[in-house]
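*Asks:* Spelled out from the first residue to the last, the chains are:
Number of protein chains: 6
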Amino acid sequence: MTTPATPVVRADGRAPDELRTITITRGWLDAAEGSVLVEFGSTRVLCAASFTEGVPRWKKGSGEGWVTAEYAMLPRATNTRSDRESVKGRVGGRTHEISRLIGRSLRAVIDVSALGENTIVLDCDVLQADGGTRTAAITGAYVALADAVAWGRRHGHVKGGANVLTDSVSAVSVGIIDGVPMLDLPYVEDVRAGTDMNVVVTGAGTFVEVQGTAEHGAFDRAELDALLDLAVAGNARLAEIQRETLAAELAR
Amino acid sequence: MTTPATPVVRADGRAPDELRTITITRGWLDAAEGSVLVEFGSTRVLCAASFTEGVPRWKKGSGEGWVTAEYAMLPRATNTRSDRESVKGRVGGRTHEISRLIGRSLRAVIDVSALGENTIVLDCDVLQADGGTRTAAITGAYVALADAVAWGRRHGHVKGGANVLTDSVSAVSVGIIDGVPMLDLPYVEDVRAGTDMNVVVTGAGTFVEVQGTAEHGAFDRAELDALLDLAVAGNARLAEIQRETLAAELAR
Amino acid sequence: MTTPATPVVRADGRAPDELRTITITRGWLDAAEGSVLVEFGSTRVLCAASFTEGVPRWKKGSGEGWVTAEYAMLPRATNTRSDRESVKGRVGGRTHEISRLIGRSLRAVIDVSALGENTIVLDCDVLQADGGTRTAAITGAYVALADAVAWGRRHGHVKGGANVLTDSVSAVSVGIIDGVPMLDLPYVEDVRAGTDMNVVVTGAGTFVEVQGTAEHGAFDRAELDALLDLAVAGNARLAEIQRETLAAELAR
Amino acid sequence: MTTPATPVVRADGRAPDELRTITITRGWLDAAEGSVLVEFGSTRVLCAASFTEGVPRWKKGSGEGWVTAEYAMLPRATNTRSDRESVKGRVGGRTHEISRLIGRSLRAVIDVSALGENTIVLDCDVLQADGGTRTAAITGAYVALADAVAWGRRHGHVKGGANVLTDSVSAVSVGIIDGVPMLDLPYVEDVRAGTDMNVVVTGAGTFVEVQGTAEHGAFDRAELDALLDLAVAGNARLAEIQRETLAAELAR
Amino acid sequence: MTTPATPVVRADGRAPDELRTITITRGWLDAAEGSVLVEFGSTRVLCAASFTEGVPRWKKGSGEGWVTAEYAMLPRATNTRSDRESVKGRVGGRTHEISRLIGRSLRAVIDVSALGENTIVLDCDVLQADGGTRTAAITGAYVALADAVAWGRRHGHVKGGANVLTDSVSAVSVGIIDGVPMLDLPYVEDVRAGTDMNVVVTGAGTFVEVQGTAEHGAFDRAELDALLDLAVAGNARLAEIQRETLAAELAR
Amino acid sequence: MTTPATPVVRADGRAPDELRTITITRGWLDAAEGSVLVEFGSTRVLCAASFTEGVPRWKKGSGEGWVTAEYAMLPRATNTRSDRESVKGRVGGRTHEISRLIGRSLRAVIDVSALGENTIVLDCDVLQADGGTRTAAITGAYVALADAVAWGRRHGHVKGGANVLTDSVSAVSVGIIDGVPMLDLPYVEDVRAGTDMNVVVTGAGTFVEVQGTAEHGAFDRAELDALLDLAVAGNARLAEIQRETLAAELAR
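Residue numbers (the UniProt record's numbering), protein chains in the order written: chain A, 1 to 252; chain B, 1 to 252; chain C, 1 to 252; chain D, 1 to 252; chain E, 1 to 252; chain F, 1 to 252.
Since the hints were made in silico from the structure, they are not lab data.
Since the structure is predicted, the reported quantities are computational estimates derived from the model, not experimental observations.
There may be inaccurate statements among the hints.
Identical chains blur together in the list; that is why a pair holds if it fits in one copy or across any two.
As the list claims (entries may be wrong) - Here are the simulated lysine to any residue pairs, SDA-like style, with alpha carbons at most 25 Å apart: (1) K60 / T80; (2) K59 / E189; (3) K88 / E53; (4) K60 / G156; (5) K59 / E85; (6) K59 / V188; (7) K60 / W151.
The task is simple: from the sequences and hints, build the whole structure.
*Replies:* Printed below as a string of structure tokens:
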């Protein structure tokens, strides 16, 4: 890791610690109990939260709810077309891995007892992929989840005074490129990053997931620390955007 | 089939022979060689055309290209969430059937020799479903296909002077509700229709596919004729919209 | 569409509006509640109707029965061997599509309330394919269905005085070959047909399904009308054969 | 094993060492290079032999041919309907096991060098099952195989003077019922048999496969010997029937 | 079959009627109710018996228990790596066949009424394969089963005085190599054997399964008899080893 | 995170920063080019490295080799039996995720150019699971990989003077239990851990992967730092054990 003498400017003009333009459009779907189209630059993910009464069999009678997530990518979300997983007849490892990550991240801020025996499924479908699809998905899914919880309360499925959401949660990617730690990598940066980390953080600034991977060569403790600092700051800004978005009236 | 004494007004205020608001947004994706977001009222389908050089093995050396399509629905495109076909590990019958229909419809207006040994795959993913998803998909896919063909020509993959597209193609649903033939059915009308027909028509007004199904009780020749008349007129209007859309410069 | 000056004679010596030799052998299987071996020329389909008490979960308590169909082809039914769908691990699009068509066609003439909470599954397995396998399957399946309904009544599973079958149903293919509309196409004609249509008609002569496809070039309204006329006449003859077959004592 | 004082008569009137009525109808399919409908009493199996030039990749350049078999049962071949393996998406253990047995049995009488680099696939589809479906399949498949080999020679794909078939092969089931060894068990006897054995024998009377299973309690050496004697005699009769069948001109 | 003038010595120094070194290590797993690592020479199979209260739905209320088995091979158990069946998405024919054989063999010595409504699943995973994996699996699985039954009795799930195990069961392979019948074939002998037989025998010396296959050329009655003699003697020795193993205290 | 006044003693008597007994048995399989049975306490993983010449199609002509891994668990490795993924017909998300992690970890220390166009597949099969199966798998797989690379060099498939392995790699789990950071968690501790982290480290002490997950409540920076310290120290000890193991002659 080197400290550059002159300010680093990225291909899209951002400073190393700057997020891409973040847009979260609530209520993108008519039927879903919560839904957003979330954009991190050119990355676009449609997050739909489906609220249903009842829980899977293994949770019945527990008094607790269940939140889970499924992530997928449209075949032409990427530069070259990928085969559909439905046609291949199996869900790939990457898809599985990200679905599980999103689910765990959201469950970290859910009080399942306050939710009661209700289920919320988050579908995060990537319409266009330009790096950071999993972090955009987590960030958007939280907003859709919040709307679905509010729907459940409005319709009398969520009872009692306890907060279902104990905090907000968001995620951002960070990486080291040519020795410089950078925030929120688009695809062109992602492929060049020596180290790549996805960090999921609560509104309170504590960690939910830290997933760092050395893509080319291992990384040392100083690099790890610099990346964590960047990620915590980026997530603080994302939490602010989530708060502002949810403060607005949902026009439906 | 009865002729109503007073004018029939539909739930959404349309006349029986009136299309829903049709919107075709070109260039919705950055990477795809052709792409549109097509809307028939609340029905929204993302159509991406992927152009690649070369053809499947069984077409190699034929001098001819290949055009195919895949249709799918996001899990929460509908009122209640459906399981993902990728998770179920198999593509359902309805999905297969519609994918094949879209492919056949587009191939009806493609001159595969003029296309040369290139492949265009049309991915039609329903983001929101409110009836008529397959007809919206065909109508939008034609525009994406036209853009992909133009891309292929611009990049030198399509050679020679012959037109690759011999005509335009569009589709619309028609049905008989309470004895009245109606055009372009949203979901609430679709479930009530005694007879339901999807009609695929070329810009020249000839038939590519006629698929009529008696949902409740069979239909007679007069009803069939009335439905065909409605569909031909509706498709003429769709062809016009396609023409206008394609006449505009594609801002990318 | 041209009107030929001299009478058209087909490869197998038939007139354009003539069916192939139709044979329906009832009771081909010992155990099935209804079964026929149906032959349209060289096309041979074994149709087995399995009657069971009870209905799928989603119909329980409705007082209504359920009729469904599965179509499949033996690997060497065709000129060259096809891989088994069981070995490939998935049912193909064409198989799905035809299974659904047969099911819908039969349900059009079933009064599910009169059937009561019973299920009839029609298995239509193509032993030899020479064009028109789906139309032979529908035509034969109706006879097997009628025998299965009679079996259900004889064994006290179908109660009450109402007719379970509200009409008969049959199907035939029609197509335009070198400009001449022709009835009941064998394989050699099927591959040459510019337009290909499968028409499902009740005994009363009303339409249940009209599925027309332009294989090479679109078709106009006059051609469509000529094809429908041929199909209605052909189905009238098939309904007559079904009636005669069912009038005979079932020797078992 | 007891020696009954009075002659045992079976439900269908046969003596313990008597085969059911065996019928082998050659040329049942128009297109297959060899095909028979084989009947062992009510058990009916359609055996189709598909001859193709070339061999699987792992045999290429070996100068040797390849013979394989696939066995399957139609859903309503049995008393109660079974689900289709194509719909279940997987081939069951029993199906696999019998397919492998048929393949091994036929390969025991094939000189793969004399066959040359050609492949013959035997499809054995059970249309009606009344016990002994695997033994009927082997017995019928041999005849279809012989016709396919003759076809290959007639069409110049099989060259040289060497016999491709080194012998004939047939199979029959035997079992012990109430202490009495019996030949060629129909379903009602099969379920009652304490020990059940399928024995595949060449025309020369030597063993290709011996598969004995104690269904209820183990069996001793004397019982095994008695069953083998019965099976050898039964197969000698089947070999005779195969010879007579193949001696006739194949009317096609 | 010839009688050699000089004593035959096998590659590993054994006499033709000699078993490989047999080792059965009980209690190899901490958690399983019964478990052994069984070794036939270099062949190593881990057999785990899982005892659970209750039975599959179709046995409920019968008062009877259920014993079943699953066999599998690790990818690098063999000389060259095989693809995983989980990755291929389907269980192969050989795996199915052997799983079924193990299950039938064990059920032959189980009194399901004495077991009561309990289920024991035997997992036989081949860690290293050097011929005879299925016979080692059966021989080892019996010991694991005996331990699981004892566990069930100790924990009060198996009640009453009747023996659950009516006898012991073991299995061994035999084959004819260069005319000499030999016992317990390692891989190098297995591939050279003209005839190959797996024989499952009870402690009392009666047959449970006899599976003989002519790999190259058929075999005659004298050869069959010689192989059965060898197998019966080999299984008697295996039964002795099983008895000795089970007589020891299980140190856990 | 609290600093306990009295020393913490774990259920198995270890100090918080102490590894379980680590055993690495090389050459556990006869045929594999590299293989170890690795034990972290009661956790036992069989790691087999299969060396084959050539690379997957997408790497052909690159001059580079390929290293990949597959992880799986035997059905009764755990306290209660799990269904086999081969029988379920699909590989689960957790399995996919861990297979990918092992592959990435090993690739971090492989110089693919020095390896040349050869492929090494690491199969890591968990025979017994008591927490830390993925970290044991990585630690053991490195040793098997080293043996396979040596095999490749000894047999002339790996050429040139460059080191194929640029460093060693190992992994260990760490977690916070009742406020105390602990090293190398067995199952009973794993389920109680509020935060759970798997850390993959090179022999040089740099990070390859850091995967931290808040199981119950999020974690702060101080906790993260404490866990990383523990993990680095534990991995240093594992690297030492790997070195000692590999220093010994491989007795085969």
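*Asks:* Hint by hint, say whether it matches the structure.
*Replies:* So, going through the hints one by one against the coordinates:
1. K60 / T80: between (44 Å within a copy, 21 Å between copies)
2. K59 / E189: Between. Shortest inter-copy distance 23 Å satisfies the 25 Å Cα cut-off; intra-copy 42 Å does not.
3. K88 / E53: between (32 Å within a copy, 22 Å between copies)
4. K60 / G156: within (19 Å within a copy, 29 Å between copies)
5. K59 / E85: Answer is between: at 23 Å across copies they meet the 25 Å cutoff, but 29 Å inside does not.
6. K59 / V188: between (43 Å within a copy, 22 Å between copies)
7. K60 / W151: within (22 Å within a copy, 31 Å between copies)
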